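Novice: Each chain, letter by letter, is given below.
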Amino acid sequence: MKVVVPRELAAGETRVAATPRTVKRMDRAGLVVHIESGAGTASGITDLEFREAGATIVADRADLLSGSEIVLCVRPPDSETIDQIPSAAVLIAVLDPMIEHAVVDQLAARNISAFSLDMVPRIARAQSMDVLSSMSTLTGYQAVLLAAMALPGVMPYLTTAAGTLHPCKVLVLGAGVAGLQAIATARRLGALVWGYDIRPVVKEQVESLGAEFLELIDTSAASEDAGGYAKEQSQDQAARQQQAMTEHLAQMDAVITTALIPGRPAPILLTTEMVEAMKPGSVIVDLAAERGGNCELTKPGENFTSDSGVTILGPLHLHCSVPAHASLMYANNVANFLLHMCRDGQIDVESEDEVVCGTLVTRGGEVVHERVLAAREATES
Amino acid sequence: MQGLAELVPMSTEWLYLAAAVLFIVGIRDLSSAETARRGNLLAACGMILAIVGTMQHGLIVQWGWIVVGMVAGGVIGLVMAVFMPMTAMPERIAIVNGLGGAASGLVGICEVIRHVTPEGTYASGFSSFHVGVAGLEIMLGAMTFTGSMVAFGKLRGLISTRPMTYPFQNVVNIGWLLVMLYLIVGLVVGSLDPVFFFVLAGMALLFGVMFVLPIGGADMPVVIAMLNAYSGLAAAATGFVLSNKVLIIAGALDGSSGLLLSLLMCRAMNRSLTNVLFGAVGGSGGSAQFSGGELQGDPQSISTVEAAERLFDARRVIIVPGYGMAAAGAQFAIREIADVLKERGISVKYAIHPVAGRMPGHMNVLLADANVPYDDLVEMEEINPEFAETDVALVMGANDICNPAARTAVGSPIYGMPILDVDKAAQVIVIKRSMSPGFAGIPNELFVAPNCAMLFGDGKQVAEQLIETLSL
Chain U
1 MKVVVPRELA AGETRVAATP RTVKRMDRAG LVVHIESGAG TASGITDLEF REAGATIVAD
61 RADLLSGSEI VLCVRPPDSE TIDQIPSAAV LIAVLDPMIE HAVVDQLAAR NISAFSLDMV
121 PRIARAQSMD VLSSMSTLTG YQAVLLAAMA LPGVMPYLTT AAGTLHPCKV LVLGAGVAGL
181 QAIATARRLG ALVWGYDIRP VVKEQVESLG AEFLELIDTS AASEDAGGYA KEQSQDQAAR
241 QQQAMTEHLA QMDAVITTAL IPGRPAPILL TTEMVEAMKP GSVIVDLAAE RGGNCELTKP
301 GENFTSDSGV TILGPLHLHC SVPAHASLMY ANNVANFLLH MCRDGQIDVE SEDEVVCGTL
361 VTRGGEVVHE RVLAAREATE S
Chain G
1001 MQGLAELVPM STEWLYLAAA VLFIVGIRDL SSAETARRGN LLAACGMILA IVGTMQHGLI
1061 VQWGWIVVGM VAGGVIGLVM AVFMPMTAMP ERIAIVNGLG GAASGLVGIC EVIRHVTPEG
1121 TYASGFSSFH VGVAGLEIML GAMTFTGSMV AFGKLRGLIS TRPMTYPFQN VVNIGWLLVM
1181 LYLIVGLVVG SLDPVFFFVL AGMALLFGVM FVLPIGGADM PVVIAMLNAY SGLAAAATGF
1241 VLSNKVLIIA GALDGSSGLL LSLLMCRAMN RSLTNVLFGA VGGSGGSAQF SGGELQGDPQ
1301 SISTVEAAER LFDARRVIIV PGYGMAAAGA QFAIREIADV LKERGISVKY AIHPVAGRMP
1361 GHMNVLLADA NVPYDDLVEM EEINPEFAET DVALVMGAND ICNPAARTAV GSPIYGMPIL
1421 DVDKAAQVIV IKRSMSPGFA GIPNELFVAP NCAMLFGDGK QVAEQLIETL SL
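Note that the protein sequences, when read in sequence, are chains U and G. For the first sequence, position 373 (counting from the first letter as 1) is numbered 373 according to the working numbering, and the numbering increases by one without interruption. Throughout, the working numbering is defined as the position within the second sequence, counted from one, plus 1000.
Do not rely on the hints blindly, as some may be mistaken.
When the alpha-carbon atoms are kept at most 20 Å apart in a straight line, the in silico EDC-like pairs for lysine to aspartate or glutamate are as follows [unchecked claim]:
| id | chain 1 | residue 1 | chain 2 | residue 2 |
| --- | --- | --- | --- | --- |
| 1 | U | Lys-2 | U | Asp-60 |
| 2 | G | Lys-1349 | G | Asp-1421 |
| 3 | G | Lys-1342 | G | Asp-1391 |
| 4 | U | Lys-24 | G | Asp-1339 |
| 5 | U | Lys-24 | G | Asp-1391 |
| 6 | U | Lys-2 | U | Glu-52 |
Keep in mind the hints are simulated off the structure, nothing from the lab. On a predicted model such as this, the values are computed, not experimentally measured, just so you know.
Chain U with its partners taken away, still in its complex shape (with noise of 0.2 Å):
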């Protein structure tokens, strides 16, 4: 079967879907590999390597996807090139699919097979597909970094003869990976770190990683219903767990925001009037920005400083900013869901399995997803 990488056009995006190890891997699989001249230029890979590695170099997009069967790519392709992937062929990618609904329908009106790797089941099995973890892993650590940067200060601890320097105070808000990546990060800078999220499960999960779990008040068993969900707090309650929290990001020099709910947009953390509280210099890094931030000041791709003299980083993408690494977890994601599909050279779109079917989106022209489409019925109605 025909694979096509195709170079990544949206601005900013410096990923390749492949990487010459995969191309191999592909390979000896028996799929044949086309890449698009300079596709791994931003991620440090040349064609030369690509081509080493068993790949066949297409300088033309368009000679590129004639008779495709396969596309890999990183973001949903334009309309342009999605009118140029053949009929029933596979497109892997990251879709975004309960948000981007235009894109979601103008693939399946191409009748192409869409898979996206951001809805793969977040089962032990699937991991090495989990693009949101991988890349998770990456925007962590780099959001550490970035406030490290920001920080008028360091972040250990220092007693030298000019004088002591105290370590510096990390918040992160969200113990999913990135949360506990930035966490571990932090550590390892020498920070003083918290971590916090509403499950109170992960708390040994943050404390593992030797960060202090911030309590507020009753996050006990009491904020989760007998079948494990989130109950709706009361407004008394939700009052004093802010009021506690606004304490808390008062002795802080850095906050690091990674809470995000899929489909949705991010649930704010931050107030205005919590930034307000938070000492001038100290440094908010919103890593979910691209979903309208935890933060109601931060405004999304921009850095700024507030009035009381805060600086909030609201960075887009931030893995793209790590192209090697990341390009090498992205294709390895790929790679994994590509071939654990893929049986004697041929791939089964209809498979029952689980890891399959979930991230399967159109396919026979349609919109087959449970959630995607739950998600387009909340937005209509």
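Given chain U's structure and the hints, the job is docking chain G onto it.
Specialist: What follows is chain G alone, placed relative to chain U:
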């Protein structure tokens, strides 16, 4: 001036006091591996003083039987001490407990027979208090005896180590216990004929068996500690019957230390004592509560000392860290273990599974923190072929990433996930808090594999104990 004749009974009391002090100091010394030998010696000296004191008592009618008993007991003790391997220590303790219980029970029966008049009443001097205590003594002694024998059988593998269960088991057992207590009350208030002492003894003998059978092989150490407590209580009751102070003291010490020990062991396994003793109810759950799927066979549990011996006998060791290591903060202790082993010329590597822990790179971050050389960390694909040539794979709080079900169990949430081939190592030692399943929620066949031994406890504590043992 007092005469020698008046001093003799006094000296018994003094010797008992000295013995009691030695017992207490000895037990305190047992709490640390460094002083345990001295503690044992002190307690043994205490025992000699107690025996000497008893012999001075002047109530001894006949020396012949005493000498026979001492010689027979001494020879058996010596033989056991010399020839029994350290690994059979739990079995030995089971036997000793059982015999202690039997002795208490027999003394109780003798005392009852001695004090019952032909008319079925008790001789003066054998008050209702004595009757009650004798009843407790016989009950505890008898059940300790049979319970210990069953525990011994399970440990030796003579009896199936799987928990044996039937419906309403706990109800039957508790009912049985209540009937025995009722008998004792009846004997005390005099509504029951002294012949019921024998009924009580028979019921208690059966109860010991019924009580231990439903408990799984892996939980035997807790049961042994419990039985130890019972035999101590039986001895204390004997002390009351015979008005012997040193027996009361020693029995109370034995009873309380046994109970504390079993509680500590339960805590180390992250289970409650009730769960261990009554957990096997209904037969659906097995020895530990698994959700989804049952394990065939019982896990084999080992002590830190045995684990240390196996590590020392190895030439190649692979450490497999998992989230349990992270949660326990055991990375420093693990590195120290590796250091000790390396000093002995044993090759040590770490097998890092790509999804070990709760975030990508979790193990790397923590082990780097503990200064583990990067060269020692080996990726899954690279290290998997090496397991077959590995003597000991030390699994530290890892579960799903080494679950062989990923290869075979179609439909399981981890089916098809690449795993570390830990089960191919000659010997696997798993340090884990309990038998509970990992993140994916499925039981791990590895834990009941014949080449796998479980070292239950908090990762950090167990690792630190291992270091202590290894550094001796």
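Novice: All hints are to be evaluated individually against the structure, with a verdict given for each.
Specialist: How the hints compare with the structure:
no.: 1; hint: U/Lys-2 - U/Asp-60; result: holds (16 Å)
no.: 2; hint: G/Lys-1349 - G/Asp-1421; result: holds (14 Å)
no.: 3; hint: G/Lys-1342 - G/Asp-1391; result: holds (14 Å)
no.: 4; hint: U/Lys-24 - G/Asp-1339; result: violated (39 Å)
no.: 5; hint: U/Lys-24 - G/Asp-1391; result: violated (35 Å)
no.: 6; hint: U/Lys-2 - U/Glu-52; result: holds (18 Å)
Of the numbered hints listed earlier, those contradicted by the structure are 4 and 5.
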